[in-house]
Each structure stands twice: as structure tokens, then as C-alpha cells.
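Based on the hints, put chain B in the right spot on chain A.
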Amino acid sequence: MSKLPLLQPGNESDTAPAGTQPASGPSRRQLLKSGALALTAAGTASLVPAPLTESFAEHVHQEIAATPAGAYQPQAFLPHEWQTLRVLAEMIVPADEVSGSALDAKAPEFIDLLASNNDRLKTIFTSGFLWLDHEMTERANHPFRTAPEADRHALLHLLADNIEEGDAGYPSYVESVDYQRFEHYTTDPGNPVAHGLRFFGWARRLVVDAFYTTPMGVADVGFEGNKFLRTYEVPKEPMEYVKAKRAATK
Amino acid sequence: MQVIKSPDVYDVVIIGSGAGGGTAAQVLTEKGIKVAMLEAGGTIDPLTDFKEHVMPHDVPHRGAHDDASMYFGEAPYNYFAAPNGFWDIKGEPFTVAKGNKFQWFRSRVVGGRTNHWGRISLRFSDYDFEPYSTDGLGTDWPISYEEIAPYYERVERFVGITGSKEGLRTAPDGIFQPPPEPKVHERLIKESCDDLGIPCIPNRRAVITRRTNGRVPCHYCGQCGRGCKTASNYSSSTLQILPAVKAGKLDLITGAMAREILVDENAQVTGVSYVDKATRTERQIRCRSLVLAASACESARLLLNSQSRRFPRGLANGSGMVGRNLMDTVGFELLGQIPAMEGMPRYNTDGAGGGHLYVPWWLHDQKNKDFPRGYHIELGGGYSMPGLGSFQGVARKNGYGVDMKAAIRRNYGTYINLAGRGEMIPNHMSYCEIDPDVTDDFGIPVLRFHFQWTDYEWKQARHMERTFADIIEGMGGNVIGLSAPGRDGDGISVGGSIIHELGTTRMGNDPKSSVFNRWCQAHEVNNLFIADAAPFVSCPDKNPTMTIQALAWRTSDYLAEQLRKRNV
Numbered sequence: 001m002s003k004l005p006l007l008q009p010g011n012e013s014d015t016a017p018a019g020t021q022p023a024s025g026p027s028r029r030q031l032l033k034s035g036a037l038a039l040t041a042a043g044t045a046s047l048v049p050a051p052l053t054e055s056f057a058e059h060v061h062q063e064i065a066a067t068p069a070g071a072y073q074p075q076a077f078l079p080h081e082w083q084t085l086r087v088l089a090e091m092i093v094p095a096d097e098v099s100g101s102a103l104d105a106k107a108p109e110f111i112d113l114l115a116s117n118n119d120r121l122k123t124i125f126t127s128g129f130l131w132l133d134h135e136m137t138e139r140a141n142h143p144f145r146t147a148p149e150a151d152r153h154a155l156l157h158l159l160a161d162n163i164e165e166g167d168a169g170y171p172s173y174v175e176s177v178d179y180q181r182f183e184h185y186t187t188d189p190g191n192p193v194a195h196g197l198r199f200f201g202w203a204r205r206l207v208v209d210a211f212y213t214t215p216m217g218v219a220d221v222g223f224e225g226n227k228f229l230r231t232y233e234v235p236k237e238p239m240e241y242v243k244a245k246r247a248a249t250k
Numbered sequence: 001m002q003v004i005k006s007p008d009v010y011d012v013v014i015i016g017s018g019a020g021g022g023t024a025a026q027v028l029t030e031k032g033i034k035v036a037m038l039e040a041g042g043t044i045d046p047l048t049d050f051k052e053h054v055m056p057h058d059v060p061h062r063g064a065h066d067d068a069s070m071y072f073g074e075a076p077y078n079y080f081a082a083p084n085g086f087w088d089i090k091g092e093p094f095t096v097a098k099g100n101k102f103q104w105f106r107s108r109v110v111g112g113r114t115n116h117w118g119r120i121s122l123r124f125s126d127y128d129f130e131p132y133s134t135d136g137l138g139t140d141w142p143i144s145y146e147e148i149a150p151y152y153e154r155v156e157r158f159v160g161i162t163g164s165k166e167g168l169r170t171a172p173d174g175i176f177q178p179p180p181e182p183k184v185h186e187r188l189i190k191e192s193c194d195d196l197g198i199p200c201i202p203n204r205r206a207v208i209t210r211r212t213n214g215r216v217p218c219h220y221c222g223q224c225g226r227g228c229k230t231a232s233n234y235s236s237s238t239l240q241i242l243p244a245v246k247a248g249k250l251d252l253i254t255g256a257m258a259r260e261i262l263v264d265e266n267a268q269v270t271g272v273s274y275v276d277k278a279t280r281t282e283r284q285i286r287c288r289s290l291v292l293a294a295s296a297c298e299s300a301r302l303l304l305n306s307q308s309r310r311f312p313r314g315l316a317n318g319s320g321m322v323g324r325n326l327m328d329t330v331g332f333e334l335l336g337q338i339p340a341m342e343g344m345p346r347y348n349t350d351g352a353g354g355g356h357l358y359v360p361w362w363l364h365d366q367k368n369k370d371f372p373r374g375y376h377i378e379l380g381g382g383y384s385m386p387g388l389g390s391f392q393g394v395a396r397k398n399g400y401g402v403d404m405k406a407a408i409r410r411n412y413g414t415y416i417n418l419a420g421r422g423e424m425i426p427n428h429m430s431y432c433e434i435d436p437d438v439t440d441d442f443g444i445p446v447l448r449f450h451f452q453w454t455d456y457e458w459k460q461a462r463h464m465e466r467t468f469a470d471i472i473e474g475m476g477g478n479v480i481g482l483s484a485p486g487r488d489g490d491g492i493s494v495g496g497s498i499i500h501e502l503g504t505t506r507m508g509n510d511p512k513s514s515v516f517n518r519w520c521q522a523h524e525v526n527n528l529f530i531a532d533a534a535p536f537v538s539c540p541d542k543n544p545t546m547t548i549q550a551l552a553w554r555t556s557d558y559l560a561e562q563l564r565k566r567n568v
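As given, the protein sequences belong to chains A and B, one line each in that order. Numbering-wise (the working numbering), the first sequence opens with residue 1 and increments by one. Numbering-wise (the working numbering), the second sequence opens with residue 1 and increments by one.
Everything labelled a hint here was simulated from the structure, so no lab data went into it. Wrong hints could be hidden among the right ones.
Stated by the list, open to error - Okay, the calculated bits of chain B under chain A, using three or more residues with CB under 8 Å as the criterion:
id: 1; stretch: 114–128
id: 2; stretch: 180–190
id: 3; stretch: 220–234
id: 4; stretch: 334–347
id: 5; stretch: 383–397
Said to hold, decoys possible - Within a straight-line C-alpha distance of at most 20 Å, the following computed SDA-like cross-link-like pairs (lysine to any residue) qualify:
id: 6; chain 1: A; residue 1: K122; chain 2: B; residue 2: D440
id: 7; chain 1: B; residue 1: K190; chain 2: A; residue 2: A244
id: 8; chain 1: A; residue 1: K236; chain 2: A; residue 2: G222
id: 9; chain 1: A; residue 1: K227; chain 2: B; residue 2: P179
id: 10; chain 1: A; residue 1: K245; chain 2: B; residue 2: R410
id: 11; chain 1: B; residue 1: K51; chain 2: B; residue 2: G99
id: 12; chain 1: B; residue 1: K397; chain 2: A; residue 2: W202
id: 13; chain 1: A; residue 1: K243; chain 2: B; residue 2: G474
id: 14; chain 1: A; residue 1: K227; chain 2: B; residue 2: K190
id: 15; chain 1: A; residue 1: K106; chain 2: B; residue 2: A75
id: 16; chain 1: A; residue 1: K243; chain 2: B; residue 2: A75
Just so you know, even glycine gets a beta-carbon here, dropped at the ideal spot from N, CA and C.
Isolated chain B (complex conformation):
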């Protein structure tokens, strides 16, 4: 088979274009380093691909997709969302071991999941880097809060994060833009939280409310998940990758499915073998150093698939830790209906997208809980844009005809959603490995997932349930749906479904128990770096993206210095 080799040798090749890859591309190209990026999906044009401000009736199928596949649960994703996120990708399967449940959301597009992500941007707390020292569970990180804090600040200044200084240890303050004012349902939730002694503070999201680095502020359409044409929120595509490509500093290769990392006899990465999807041919690109940023599980897959005589268990996997310690955020949600809001005068609740308030963890100092660690709460509600399915819940309970119409009108906008997002403790039953029997359409062996929650997470979810019910009832509201004790499997999210999967190539000081060192540089391959959530050592109750960005920035600074010193 003919393998087409690129004549160029890049200083750095980055695999993946999400939050980590995008940040690495920005930092490295700004230093004048010659960089190429491989992306398995296609490119995007925000002006044509983002469906911002489109109403359902602006398209004939109104969001059902041309083939009405949405109605059968077979649509690739929400039609109006920013392009190319999938629970299932045609031709690119993964498997789940018998008796396990796991979902894997992947993007195949420039910018990856940052095109449509929730944009909640929370610093980890100081104690989050010392979980083992705090309660004896899990493993400590090889870095401290003080080491990463300057990089949090750089990310905040570049990206722009709304928020307020609160002085809470569980929610460290950063550089904040003015937050949008709370909506009515959020003020009601806050009042109920106040009564319960639970903090409820302005949300911290990657949306700008002031002109920032030449970008115009948010125009409050609340449609961040569709992608933002004015780049008033953070996507790696709009803020980092497309500008670098346009400036001629970054060679972007799309439709490139990485197959194997190539190494020489000295355990040095020399390049990447990838499949060009359009021509179904194998190609090679050469580099002096490599930054893996394909997402935690894809990066682990690539390492496991990069086997050689020197690395029979997969590249840089002497510890056997590649694929292990798979974690996802603990998710639990409860819906409440608030009768006091029935008949309320209508107003525009779109705002800056997402909740304008959130609840940071508040029981860090309480030692007598029946579960370790904690969670934060994300708030939902308001008069959302009517779309397909918006009123099915009410319609099903209200027959048909004028009574049903009146019920839909009366109930619209009276629901609130409380979503708990908590910390999982790594366990030996949760990992990914190469499935010995299955390959994807490009002949590349796929991942097989094993995933189990333990009592730690289950009890945490029950605490969420009791707390959320208290908040809803404190608002004079009615809890909809679940009631204790959690109706079997429905009482906790399916692993992977919160889309915070991480931990699969953890970092550490000991090469026997970790894959990457404190600089996210492989212990065994010194020109191999990682810039996604794979090196995370724990899964704190803060959304991972801003820590991916901060670590990627720090790693890129270190890599640039190593390149300058010719150490790699």
C-alpha cells in the first residue's frame, strides 16, 4: 500500500482541535513555532454553519431533519446545535463490555465540542489537587493550585469569563467580567437557597459582557450551544484555530483520522500515521514533537493502538495506566414546577445563555456526610424558544383541545431544572481498552468501555435528590418525576453522558503509576505531550474545560522552552 509522506517536518503536530488542541495551537504559533494540526472532522465556517437566531419555522422540517429522523431518536444531534457532535458516529463504533453502561460523545469538526459546550468555566480549588491527602481516596496531582493559578488567569483574560468575587474556597475567584443579572426563576431559587443556607452566586461562563481583545460583547440571544457568529463566547475554532490558520501560522489538516504515533529506536516520536478520510489512503506527517489533544478516550486509544517492539502494551504505557482511571462527572437532575409563576407576565429570558446563577459546593468542611467530595448545581428554567417536543410533557397530561392549549400556556416557563454535577472517585472497574474484535471503517481498532459507579457516587446523587427537592419545595413548587430512592438506574447519570470523561492517562511524579509527568510530558517519550483531559488525576466537581485550557497553556509554554533549548 502506498503511504503518502508529507515532505515537511513540523516542530509540533497537534492531534485534535478542541479546548486543549486549540489552546496549544494558539500558544505555540504565537511564539512562531511551526505547527500542524490534525482534525478527524471537517472545517467550519461560523457564518454559514452556526444556526444562530434561526427559529424552527425558518426551516421546513423545523429541526426534525429532512428525513424526520429526530422523531425516531436517530438524528445525529440537535439540528440547531453547532455542527457535528454525536453519541454515535456512523462507521466509528465503540463497544461497551457486558454488564456495563457508558456513553461517549464525540465531535468530528474543527473546534470539537467547544463549538457547542455549556461554557461553564470554574477553577479547581486548592484541595482538588490533593484529594488523597484530604480524605485518603484517589491520588494527589503532581501540581498544586498555586502552579496552575497563573494559567487560569491567562485563560480568563484571553477567553473572558463572567462572574463575581465571592471569597469561597470551593469556588476560587478569578478575573471576571460583569455577570448578567439573574432571571426571575433564578431569584426564586436563590431565595430558597438562602433559607437553606446554600450559596447561590453569579455563574462563571466563557461569555464576554464587555468588549474584549477586539471581540464584541454578548448580544443575549441565549443560543451559545448553536455556536456564536460574533465569537462573543469561547470556541477554540472561532478564537484560536481559524484565526491562526487565517494568519498563515497554522497548517490545519481536516478529515485526518490519526491511526498510530510513529516512534524511532530511541523512543522518540517521529510523526503520525493517519487515514485521509476523503481518499481512504494512509498518510504520514513528520514532527519533532507531538501534542495529543484528541479527547481523553481518543488519546488513550491512539496510545494503545501505537504498539511497537519497544512499547508492546502501547506507546508510553510501561505503567499500564493508559486507559485506566476513567471518570465522568456524577450527574443527577430534578425538575420542579412552580405554581407561583403561572400567569406571570412574559419577558425575554434568553440572557447570556445557560444559568445566570449557580450553586458552588457548600459542605466542604462538613465531615459527617455519607459520601466523599461534593458537587455544584446548575440552574435551568425560563421561557425557552418553542421547538419540537417543547410541550409534549404537558400535552400528554392534558388530553387535547382547548383545555390542552390552556394548560400549555399556563405551564410554559414555570419549570425549573436543578442539575447536580459532582465528583467521581476513580475505581478499578472503570476503564477503556482496545476491543480485540472490532475496528472502525478505517481499519483502526476501537475502544471497549468498562464503567461502574460505586456507593460513593450513588450516595452523592441521593444527597442531590434530597437537596433539590428541598429547594423546589422551598419555592412552593412541585417536584416532577423521580422520587427517592432514585428508581434504580435513573437515579444517577449514565457514565460518560455528562461528557466530562477524563483521567485515562493520568499525570504523576512516579512513572510506575502514571503516564505523563508534571508537565504533561510522557515519562517514557520525552517529545510526546498531552493537552486534553486524559492526564487529569481526579474529576473535581468543577467542569473540566478551563483546567484543560490552563494545563494546555502551561504545557505549551514548557514545550516551547524545550524546543528552544533543543531538548526535544
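Just chain A, with the same shape it has in the complex:
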């Protein structure tokens, strides 16, 4: 609980289980009012190239010390970004009665690998994490990774719920002509979380891709193929299932 905060002043723990920490400590606004921000190590870290500050180095060392031996060392992301990605991935693909979670399937590791080889992708995530932390701090006085579970879900629902254009709610999605860039929508400028939508689209896309391309994800949906067969036969049960279902609905 005594670690130096990197992004937002506040009482936080990067290693605490997500959703278990109540909001506490001074809010960012309170710190701004007191003028404390500019004097904190975090304030310095934001002005000086991060790796050059002793406080940053200390933070990193603490992170590494807190990481279990043999744990994955992210290549693209800083420790707090890595924690944010893990919390976010676990929310997008949680464990359920069929399969494990994005963390169980090592989805963050896959995203880190790609981001470490593609600066554009990395920036999409690192800028998105900053937006997410800013927005969460405004809403719940915490960076995303340590915000209360209910607050995190409230924000993610705003980002994820696909409300058609013209509905009273937000966000609204408008078809983009730039479809080849995989950004299938542009955003209603009046939308209060407009600037997070594109990032969330990318985060969900990558987490879903990462999860469902692992043996765990493949087993979840029940893919039976990619086999070497001498003959190809279609079993009777699927057709009987469909026939029975259609008969029942007629």
C-alpha cells in the first residue's frame, strides 16, 4: 500500500485482487487543490523521461520483486499498464462454467507480444490505458486497475453496450467508410465516453482473439476439426437435433 503511484495519486495496490479495494485516500482533485501533485514523485515522473528517475526505477524494482519467480515479464508494457491489461482482459473474458478466463488463457501475454512488435498497436493500448485511468479517476477516484469492481463494470458497460444510433442512450456506432482499417464505427461526438470507444473495441478484439485461439478457447466453442480422416461421415445427431427443434417451434 505504500508504493509510489505512477499515474494518479491515490491509495492503490497493483497486486491487490481486482475489485476488492474500497476507494480511499485523497482524490486527485483534493491533491490538485492542495498543490501536492507537483511535489510528488509521480508528478516528477510525468515530466522527466520515466526511466531516468530514481523513483521510477525504485517502482520497477518493487514490481519485479513482487512478481512471483518465473512469471511473465511484459515486453511492451510497464508494470502498471500490465496490471491494467490483466484486469481489463479478465473482465472481458471471465471464467464461467465452461472455460477459464483470459488470464488462464494468457491473453495478456499474447497482446504484449504483438504490441512489442508493433508500435501502433502498443500506442493504442498505452494511450487507452491512460484514458481509462483518467476516466475511472474522474468517476471513482481510482485508476482502473484498482477501482471497485462495480465502478469498473459501470464504465465498461458504457463502452461495450452496442446501442444503435438513434437510441436515447450512448454510445452510438456509426458505420465508417474506412472499414478496411478494422475500425468499424466512428463515434457520436456527443457521447461522453466517445474517446474510449475505439480503444475498447481494440481491447475486446484482441482479448477475444487471444482467448479463442488457445486450446482453452477452441475447446470452449467445441471445434472438432483439423483431423486426419480416412472417410468423412456426418453424424446423425446434429440433423436430428435441428429437426426436433424445428418441429417443436412449428
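Just chain B now, kept in the frame of chain A:
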């Protein structure tokens, strides 16, 4: 500049190694003719280059490519597909005239696009060779169905095509191997088609289901597009070119970008000037006759770039028809979601690759349609291998978390895709020419495309849309996406995107209106032949590859005879 000339004079040089070049190489080398082949790309080794049976998690980037370029639409092609197909080739641009849309898919590898093609192998119908006589549009072919039919049969016996005898004029029967049995979604589509009076029959694909000419049958992994290590489907690389090279009958020169066809004062081809890509040097290879098989547009480009005092408009282009009559298949697709299939017991839907059933054209005799000619329908669906992007459509509509996971599970494998593939009528607005301003990285002038659909194609696509919606709704399904009237440009494929571009050096009996004669021999240069889809006169609603193969076989037989008689 030093030009390196090969000391050998070949009987035949073939430019290009796809379905046409590969078939020509096979037929000519089997007759003991001395042949060299130029291929602009590299060679392949099926055992190491085909990514058959690789799951996404078997590679660290899972198909995104090492630099994650797939996520930005910048990957050269599907990572798992057989190598070297490109919508854009670095250093080898083409241009599209203002106000036009065209896409050009090229391969740069031995085997060309046959390494990953869809392998649908359909004979043209008798009426397809007489389009003008049938409805007054386009031009008749200089050959008839009866003349090409024996060559269809040779191709079918060599390649191996699945199918069934149906007795339909719109889908002439051939020599077929037993087709694989239909999958559940295909049976449901067929039931809906039955209700609508639409035929739905076993698909005809270049996949063997019985031991054929020493090849082992399909092992039903459904991954034909990745290339087949057991050569249980047709690629010119695995079945024709690599075996001929291995037997010492074919000299294969890779990395050879043809620049110009060389002719003497008697209008005879003497050789080919090409750029050796690896050394960026110009070289020449000499030959007694030349078979162009570089793909319809590359072949036209090469002829247009082969200008001389004798042929100021390009080689063999006295008619001005080189580059004209550019056509592509009319494409339109509609997706349906079938609620009755939600929760269905899972099974292996890989099969023999592609659809096990298809819909041949069924309204040939109906005279009151509002568009000419017709189309066939290709069926998609099943529990495909999860890959990057597989579940984005469902995820986007279902938020996140356990609800999203449940929706992905529920929707998996419940979609069907209906793809219409129809006939385009040639028009004067669709052609390719040499761009006066742009060259590629080898200094060779590039093509500029002009392409426009007309009402003929647009109305055909609207007929597809109505029909597909009827089929989907007949299955109790929901049409996803497009609804009438076709949402502007999305209601029809972009020209070239179906990758059936053809017609750019059409054949005919009249040298004033065609480039090649009935033997695919240039009217003006009698030792110049063509063996790709450039000489096609029309673009029937059957995929062109088997007709490329049959014509190439026929042309090669004719060329061999001419060589024997010393006529060329």
C-alpha cells in the same frame, strides 16, 4: 547495360506457372519437347511451405504475422494460406483510372494462384460458347462445346473432380469421383432450395476422394486453401511443375519478371527479355515458340509492353483488342443466421474443403428476367477453425463478460453464407492499358485499369439478393447485413475481387476483332500462343480454371503438332 543471353534455344518457353502454364508444361514435356518456364516469384516446397494442420496457437502470433500487420489490414495475405498471393505487391504497383474501382490479385510463386484457389471445377455449358447467338450480347467463341469437351474429360481424369451426374444443361456432367456427403447446414439449405424449386447438387471440386494416378485421397481437413501436402487436390505446382522439374524435363527459372517478348523482322518470336529479380539484371532466353500464361492481365501487359516498329501498338495487337473486354465474375454474398442450429451437437464440418453442395444456374429457359445470363451459388457454413477475428461480429453485439462468451458459444457454426457467382457482359468501359507515367521496381510500365459494371450485372446481383434471402428465410433463418436495394456499392463485388479477371486478348476467327485464333495462336505471330484466361470471349457463370486447363491442354497438343511438322 550488359544483357546476359542464355546459350540454349528452347522449343518452347512458357511464361507463368499457374493452371494454364502448368498444364502446358505437363502436356509439352510429356511429349519430350524441350521446355523452359519463367516464373516471376520463387519456388515452393509443399512440405515446408504449406501450413496444413497448423492451429493458430501453434505459432506465437497466431496468424497476425510477426509484426501484427494483419490487425491493420497490411498483411500480404492470410498467414495460413498457401504462400504468395497478394492484393498489393511491394514494388509492383498498378493503377486504377479515376472514377473506377478494380482490385487485382496476383501470385508470385511457382503454381501461382492454384496453390490456394477454391478448386471449384465446372464445365462451361454448350450455350456458353454461343452467347451472341443466344441473346444478342457479347461475341460467340470460335470453338464449340463439342470441341473442348474431350479436353474437359482429360483434365477431369488427370486432376480428379468430385461430383455427380445430374443431366443438367446448365451444369454439364463430366468424369466424377464420389462426392463427400453433405453437412447439416447444407442439407438445410438444400431443403429450402427444394421448396423454392432451385437445384442443389454435389459440388464439383478438384479434390480426389479415391486413389488417383498414385495420389492418396483427401484426408478431409478442409484446408485446401493452405495448399495440400499430400497433393490430394489440384495445384499446378504439386501435380505438374515440380514433378516435371524433378524428372529433368522442365527448366524452371524463378524470380524472372518478363519484360518484353522479342520478335524478328518476320514477326516471329525469338525469345523473351526478363529481369532477374535477385541480381536486378536483364537477361534473355531464346525459343522457337512461346506460350503466354502469365494471367489474363499480366499477359496483356506483356504484349502491350512488347512494342516494335512492326507492332507499334504492342505485339499481336493489330486489332487493338489487347487489354479490351476485361471481365470479372459478378459477386454478391449474403449471410444468414439459423436459430435452429443453436445448441446443435458439435461435429467435424471440415470435410473436403469448400461446400459439399452447390447450386447451378436454374433459370436458363426463363425468358422474362430483367437481366441476361445467370449465376451459380456457392455455400458456406459450419464450425470453422477458430482464428483471429472469428468471433468479432458476435462480440461486438454482445458487450463483454460471461454474456458475450455465451453468445459466442451459442452463435458458433450457426451462420451460412450464400455466394452468387454470375456472368458479366463485356463492355467498352472495362479494359486495361499501359499507364504512361508509372513503372514498377524493375522499370517495366504498369497497367492502368478501367472497370465499370452495368445494369446487367447490378440487376443480376439484386436477383441474387432476393433469392438468397428467400433461401435463408426458408430455413427459418435471419438475413444478416445487406438489405435491398443493395446499399449502393456494397450490393455488388468490386471488379477483380472475385479473382476471375479474364478476356483481355480474346480469341476469334476474325483478326480484326480478336487477338488469338481458335487454337489460341496469335493471328499476327504464328509461334506465339496463350494458355491463361486472356483469350476467353465471355465470362460464363462457371469458375474459369477448368476451362483454362482444357484450353491450355488443347493448345499444347496443337503446338506440339506444329513443332513436329516444323510449322513454327
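Against the structure, the hints:
1. 114–128: violated (count 0)
2. 180–190: holds (count 7)
3. 220–234: holds (count 4)
4. 334–347: Satisfied; 7 residues make the cut.
5. 383–397: Result for this restraint: holds, n = 13.
6. A:K122 - B:D440: violated (33 Å)
7. B:K190 - A:A244: Holds - the C-alpha atoms of A244 (chain A) and K190 (chain B) are around 18 Å apart, at most 20 Å.
8. A:K236 - A:G222: Holds, because 17 Å separates the two Cα atoms, which is no more than 20 Å.
9. A:K227 - B:P179: Holds: K227 (chain A) and P179 (chain B) sit about 19 Å apart, inside 20 Å.
10. A:K245 - B:R410: holds (15 Å)
11. B:K51 - B:G99: Outside the cut-off at roughly 39 Å; violated.
12. B:K397 - A:W202: holds (14 Å)
13. A:K243 - B:G474: holds (14 Å)
14. A:K227 - B:K190: violated (26 Å)
15. A:K106 - B:A75: violated (24 Å)
16. A:K243 - B:A75: violated (42 Å)
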